[in-house]
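Participant: Chains as they are written, first to last, in our numbering: chain C, 6 to 128; chain W, 37 to 614.
Just so you know, the hints here were simulated from the structure itself, not pulled from any lab data.
Keep in mind the model is a prediction, meaning the values are calculated, not measured.
Keep in mind that a hint or two might mislead.
To be verified - The following label-pair restraints were derived from C-beta to C-beta distances:
hint: 1; chain 1: W; residue 1: 437; chain 2: C; residue 2: 103; range: 16 to 26 Å
hint: 2; chain 1: C; residue 1: 83; chain 2: W; residue 2: 507; range: 21 to 31 Å
hint: 3; chain 1: C; residue 1: 100; chain 2: W; residue 2: 543; range: 54 to 64 Å
hint: 4; chain 1: W; residue 1: 218; chain 2: C; residue 2: 100; range: 39 to 49 Å
hint: 5; chain 1: W; residue 1: 423; chain 2: C; residue 2: 100; range: 32 to 42 Å
hint: 6; chain 1: C; residue 1: 42; chain 2: W; residue 2: 543; range: 32 to 42 Å
hint: 7; chain 1: W; residue 1: 164; chain 2: C; residue 2: 105; range: 22 to 32 Å
hint: 8; chain 1: W; residue 1: 543; chain 2: C; residue 2: 58; range: 34 to 44 Å
hint: 9; chain 1: W; residue 1: 74; chain 2: C; residue 2: 6; range: 58 to 68 Å
To be verified - Reference listing, derived: stretches of chain W covered by chain C, where coverage requires no fewer than 3 residues with Cβ under 8 Å from a Cβ of chain C:
hint: 10; segment: 304-317
hint: 11; segment: 429-441
In this text, a Cβ means the ideal position worked out from N, Cα and C, and glycines have one as well.
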Amino acid sequence: MKKLEVFDPAMCCPTGVCGVDVDPALAQFAADLKWVEAQGVAVARYNLGQEPQAFAANPAVIAEMQAGMERPPILAVDGQIVSTGLYPTRAQLAQKLGLVATADKPRIRIPVVGGCEPGSGCC
Amino acid sequence: MALPDVRTRYLFFTGKGGVGKTSLSCATGLALAEAGQRVLIVSTDPASNLDEVLETPLGATPTQVLPGLFALNIDPEAAAAAYRERMVGPYRGILPDAAIRSMEEQFSGGCTVEIAAFDAFAELLGLPARTVDFDHVIFDTAPTGHTLRLLTLPSAWSEFLDTNAGGASCLGPLSGLDKQKDLYAATVAELADPARTTVVLVARPEAAALREAERTRAELAELGVRNQWLAVNGVFVAGSGDAIAGAMSDRHAGALAHIPVGLNELPRSETPFVARGMVGLAALRAALQPVGMAPEACAMPDVALPAGLAPLIDQLAATGHGVVMTMGKGGVGKTSVAAALALSLARRGHKVLLTTTDPAAHLSWTLEQAEPNLRIGRIDPAAEVARHRDDVLARAGADLDPNARAMLEEDLRSPCTEEIAVFHAFARTVEEGRDAFVVLDTAPTGHTILLMDSAEAYHREVLRTRGDMPEAVRQLLPRLRDPDFTRVLIVTLAEATPVHEAERLQADLRRAQIEPFAWIINQSLLASGTVDPVLAARVGYEAPFIRRVGELAMRVALVPWLAEAPVGGAGLVGMVKA
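Bound-form chain W, shown alone (with noise of 0.2 Å):
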């Protein structure tokens, strides 16, 4: 199999959920390993499979996997408590137990578990001391969204200290910041040095998802990091005159023929498609062979299939209104999904405000044609802080002093402003589910449970505040527990990672006190009624997840693969109908 050609000491892979980022870096790592090398993988996603993929228990420093082959999993709701405990412990029985309980909850957000992350992450890439035994560091990073922001942090934070001398600096709780300032400037350094750093973009031989990656692609050069190689993975090719197969060929090969023009120019690697996926150390040797695998003689699963997703949207349609939340790892379809409901509760009569809160987003892609009854929205980040500093400084600037506005002005350019910005807009649109539909396709997994901690945060913040507290954020976490006005789907694939992922998303959603409406499994091939021979293998390979499913769901829907893209008006309604 072709892996990415490494020579530089760190590797990062990026690219969208469930694009085999993690599989891909371990190949790598067990490769470079094998090869002689010491590597050592850190996973800093928030949903890290990476104890799975390698068979091995990890914590948060270095752990043997084999000879030569290390990794470690930075956990950022761990290093947050870590940084909380080294910042209160010391006070514990000097100060009052109230005055310890509020220092507390002043690192208990979403701001601290970012920042606690990425501080440890510098650690490993801003201090070499901390990895001098290693040859080779892959980072098998988190989804697109959050990689880029973690990403894009050291150069806005070190811009933000530069520039903020008043000394007023809104840095939240990471007052020793400033204290980290070298720290973060040699991680800087290191990421856009092409001797040292390759960033590998991951992404399927899909058109949306080679979108992605071009997008991302942009955004890593105009940050400096310019050292970058594409990874196809999961390319198909047809054996056999298998409709499906067909389809399945034909689409990966056309996406391959229009990949975008600044993808085109990086270097490039593919991988087949491998029915059993890469999961545990024989299946990613196994990979490492350079001859195709034959594929294992596999009778049809006996399974029960769940009903498609018209049952659904009966049961969805009945209320007349409220918010349809579609969750799950990235690149399962949930944007699909998302669109092919709010059609079809549109061609019903019902208004719809089909929206996202994902920075990835790309709905619009996906349904272009207008509908008289469905209004397509984001929430876009940069937008709505720009709205919010407007807001802000009209409301509480209007009657300050010249010296006093331009301190209100500097404290709203804080990394903080962003995430209070964004919560004031999924607050107004979740409130849009009074009196219409409102159907979300939200962020990828870890960055939608930052979303719920801080919707908690803010829901104990607003029962204690007086005053004039917007009236839909005051209503949020009410309405998301309320099962009659919100539903939550969960969406998977009938595949061990994204199964596994949406069971811990169902748990972290108990936890917030949501209990999810349904789950559906998208892109079942053993639904779409193929016969080749390695689809087949695959499909004997789905049918424990499904059963798994139906275990842990109140409801399910099935959508099959289609040889129709779900994309546009005819294809997203073959999604509802298939």
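So here's chain C without its partners, still in its complex pose (with noise of 0.2 Å):
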């Protein structure tokens, strides 16, 4: 089984609504990601807000982070880094995992930072 996890930028929710203003992509991202679990891979989320110590227990995280915070989102695929500082399509989400996407949307903008980001006032 495939494993895919997700090192989110500090942020309220996973899909963003707490932020000063919502993204679509980071919604559409939350609704893929349960689109890729159906397929049988098995799915982590950690929020560096809420979960830092998935963070810190991964070196190779770490040492993105150090070279700069526009990093994360940082996706991994059985613990290799595929992918950094952006939200990838459901179409991008199924060629790292080696899946037949469907029924994919257009993404409106992929945004560098969360759409929840820090200090929005809300957290």
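Combine the two chains into a complex, taking the hints into account.
Facilitator: Next up, the structure:
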């Protein structure tokens, strides 16, 4: 069974509704992860603000963050980092995981950082 | 003096700020302690003055005031800081510094403060072991709107945790929340158990205050908190033929004669008007004596009285537009002052929007008749949340597939959404000050400061964010800081607690780089011309506070206690003319 890990920047929530403004890409990404899971991939998602232990336990992820805080979101497949700095589309996720994408939608815009951003006043 | 007749282990004192919650809860605690009980008094007010009333420096753990009487403050800011450190501290030196900073920022907003304070409060109420040494725990709770939020949260969150099975829970930084679920459930159960908890609604004997208490009663009853007590504080009965004394006496008697039906069914205690207030242990003890105190003879103090509202309105009107915010502790008459200023500006021919962010708003009661240049609005959290939700779903949800949309809708039910929605509404209202006057009757102090805090956090965020940020939000903090655009008026009474709190408010505003335009001393008996012996004792007590305000403020206006209540067009005009 393949394993996909997502290391998000510090943010309120996976869909980003707590941010100053909502990013549709984040909501879609959360749904795409559900799809990936339904294809038989084990998915784990970690938020820097809420699950820092997962970051601390992963030297490769720490090394990425030392290179710059624009690196999260960091995606790893079976421990290998496959993507940094953006949320891939469903097609891209499928390609990285060797799956066949269905019902993909074009992405509206790809954020550099999460929509539910630090200091948004909600957290 | 008649105090609430306490049988339960937990007591909550709730009511508008300035009605005497702290004094009454301390007097009640003192009476219980002197009867041999062990009592803990707890304040959850961000602007607590428990230390002052008990004349004892307090902290986050129980401090003994007298044998059997202990007290502590839950400072929401400190609780939030402690929570933040608990979450972030273990990762210092392990994660990169930039990652630590981004975690810290995530824990710096209003929601963390609110939740952390509630967490500390739930530990006292939901974990009996924490208070096992005490027979009674008395909560001197924060002003009404804030209290209600605090009290509403447990059921809202239990519900949220129950229904949010998808795991996409937007509970912000409190990710450990579901671990606390049992604690919150225990807290809710304690609050609703009539054998364990009494809620004392504290109100002044005035119509608006009693209506407010009735609103609180109904809301709490709806939350399942039905064991309630009404404490009417500061009832004045004229003992002389003085006109002001007669008017005050009549106003109080009239309000008590027309007490709202639901409130009237509650058990009730009435405490008399105390000229010198109830700050300090000696004053609390004196107030416990069953016999009325003989008022001390008091010469008319020699203090120069500031001018009334009219010159201040001239200065405000000169710019022709902008935002006027009346701020201060609840119960000092901000609502009436805001309405009087708005009406005066409108009658001078300016377009005026009078609006409020106060969850306990009753502007509409103060100003009933239509004025051609005056619009009345309200930032209603429930309506704003609905509007925000629709807006987000329309903009961000349009291109999502059904699953993604469902997850977005689920996250929009989070408690955080309200804060964001109200903030956007506030920014839009301030924007209207570009070409008209906007008079804002702001929420009570603690909540207002949280609002300012989030303005600051937003400001930093907005500077970093590109894209489709509403212009009103982008401009909010620069506008609040622009002295030609926004005029902050601090409303206070010539009394110890309101002046101290206004002083703290001014310091907080200055930290946010907002300079108050003027202070307004409201309901001054000294300026009313009363010669009644009891009221004259209060008059002597006002003088040093009027002097103190003169030292603190850039400009001062003073409004006397008026025989005609500041209600309706004529009453409000009377405030300006006086």
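Participant: Next, verify each hint and record whether it holds.
Facilitator: Status of the hints after comparison with the structure:
1. W:437 - C:103: 16 to 26 Å: Given range 16 to 26 Å: holds, Cβ gap about 22 Å.
2. C:83 - W:507: 21 to 31 Å: violated (46 Å)
3. C:100 - W:543: 54 to 64 Å: Check passed, 57 Å falls within 54 to 64 Å.
4. W:218 - C:100: 39 to 49 Å: holds (44 Å)
5. W:423 - C:100: 32 to 42 Å: 40 Å Cβ-Cβ, so the 32 to 42 Å window holds.
6. C:42 - W:543: 32 to 42 Å: violated (52 Å)
7. W:164 - C:105: 22 to 32 Å: violated (57 Å)
8. W:543 - C:58: 34 to 44 Å: holds (39 Å)
9. W:74 - C:6: 58 to 68 Å: holds (59 Å)
10. 304-317: This one is violated; 0 residues, fewer than the three required, reach chain C with a Cβ under 8 Å.
11. 429-441: holds (count 10)
When the structure is compared with the earlier hints, violations turn up for hints 2, 6, 7 and 10 and for no others.
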